[in-house]
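S.K.: In case you want the letters, here they are:
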Amino acid sequence: NAGVMQNPRHLVRRRGQEARLRCSPMKGHSHVYWYRQLPEEGLKFMVYLQKENIIDESGMPKERFSAEFPKEGPSILRIQQVVRGDSAAYFCASSQISRGAGYNEQFFGPGTRLTVL
Amino acid sequence: QQQVKQSPQSLIVQKGGISIINCAYENTAFDYFPWYQQFPGKGPALLIAIRPDVSEKKEGRFTISFNKSAKQFSLHIMDSQPGDSATYFCAASKYNNNDMRFGAGTRLTVKP
Numbered sequence: 008n009a010g011v012m013q014n015p016r017h018l019v020r021r022r023g024q025e026a027r028l029r030c031s032p033m034k035g036h037s038h039v040y041w042y043r044q045l046p047e048e049g050l051k052f053m054v055y056l057q058k059e060n061i062i063d064e065s066g067m068p069k070e071r072f073s074a075e076f077p078k079e080g081p082s083i084l085r086i087q088q089v090v091r092g093d094s095a096a097y098f099c100a101s102s103q104i105s106r107g108a109g110y111n112e113q114f115f116g117p118g119t120r121l122t123v124l
Numbered sequence: 076q077q078q079v080k081q082s083p084q085s086l087i088v089q090k091g092g093i094s095i096i097n098c099a100y101e102n103t104a105f106d107y108f109p110w111y112q113q114f115p116g117k118g119p120a121l122l123i124a125i126r127p128d129v130s131e132k133k134e135g136r137f138t139i140s141f142n143k144s145a146k147q148f149s150l151h152i153m154d155s156q157p158g159d160s161a162t163y164f165c166a167a168s169k170y171n172n173n174d175m176r177f178g179a180g181t182r183l184t185v186k187p
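Same order as they appear, the protein sequences are chains A and B.
For the numbering used here, add 7 to where a residue sits in the first sequence, where the first one is 1.
For the numbering used here, add 75 to where a residue sits in the second sequence, where the first one is 1.
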């Protein structure tokens, strides 16, 4: 019973390059969330997606960042023209489809640590 | 804006002691309060959670105390062990809402 998978675990990019982070949710989960964690800081919500839909992107920077969760395949967080300030750990979490009641526990992946040189 | 404030930022406790981490929230619509535990190099994992219809929830050595009127909740770790050394995050969200807000985290070190 595999948990949330993220790859790569570590990613190094030079300024101006693109970074693509992948997240495969737990089996049966159709909700995906992306968070950013800066050193010595908490988790900052970025975006919440369901299959083929962006539900809430209120935490996403307005430029250079985008996310998708296609019908088939993993969710992708894409950062274009990376800058040093993008260096952080990016975590993906998934939860089950809402059944109209209760709380959807979020299960986290191991994260992708992005370093921008 | 920071909707969940967590303190202290770091905490050192002797083995066998009690670790206490506090959180305060602003949005009265929040009604689900989980605590997550994160070890270095790993993703956060749900530790224990509470809803505001109870004032306390205990699971083993971990207890959440909840004060609805003060909009505060805390995590107590009894008989703290070196293996408890990790970063702890409190969080809050609304019922049936997937938008969860996290505190800044507390780095706990339990000395043997």
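These aren't lab readings, by the way, just hints derived from the structure by calculation.
Wrong hints could be hidden among the right ones.
As the list claims (entries may be wrong) - Cβ-Cβ distance ranges computed for the label pairs, FRET-style: (1) A:Asp63 - B:Asn97: 34 to 40 Å; (2) B:Asp174 - A:Met12: 22 to 28 Å; (3) A:Asp63 - B:Gln89: 25 to 31 Å; (4) B:Arg136 - A:Asn60: 23 to 29 Å; (5) A:Ser37 - B:Gly91: 33 to 39 Å; (6) A:Gln103 - B:Ala145: 31 to 37 Å.
From a predicted model like this one, the values you see are computed outputs, not experimental measurements.
Every residue gets a Cβ at the ideal spot worked out from N, C-alpha and C, and that includes glycine.
S.K.: For each hint, tell me whether it holds in the structure or not.
M.R.: How the hints compare with the structure:
1. A:Asp63 - B:Asn97: 34 to 40 Å: This hint is violated: roughly 28 Å between Cβ atoms.
2. B:Asp174 - A:Met12: 22 to 28 Å: Holds, since Asp174 of chain B and Met12 of chain A (Cβ atoms, about 23 Å apart) stay within the stated range.
3. A:Asp63 - B:Gln89: 25 to 31 Å: Cβ of Asp63 of chain A to Cβ of Gln89 of chain B: about 43 Å, so the range 25 to 31 Å is violated.
4. B:Arg136 - A:Asn60: 23 to 29 Å: violated, 41 Å
5. A:Ser37 - B:Gly91: 33 to 39 Å: Violated: the Cβ-Cβ distance is about 44 Å, outside 33 to 39 Å.
6. A:Gln103 - B:Ala145: 31 to 37 Å: holds, 32 Å
Violation of the numbered hints given earlier is confined to hints 1, 3, 4 and 5; the remaining hints are satisfied by the structure.
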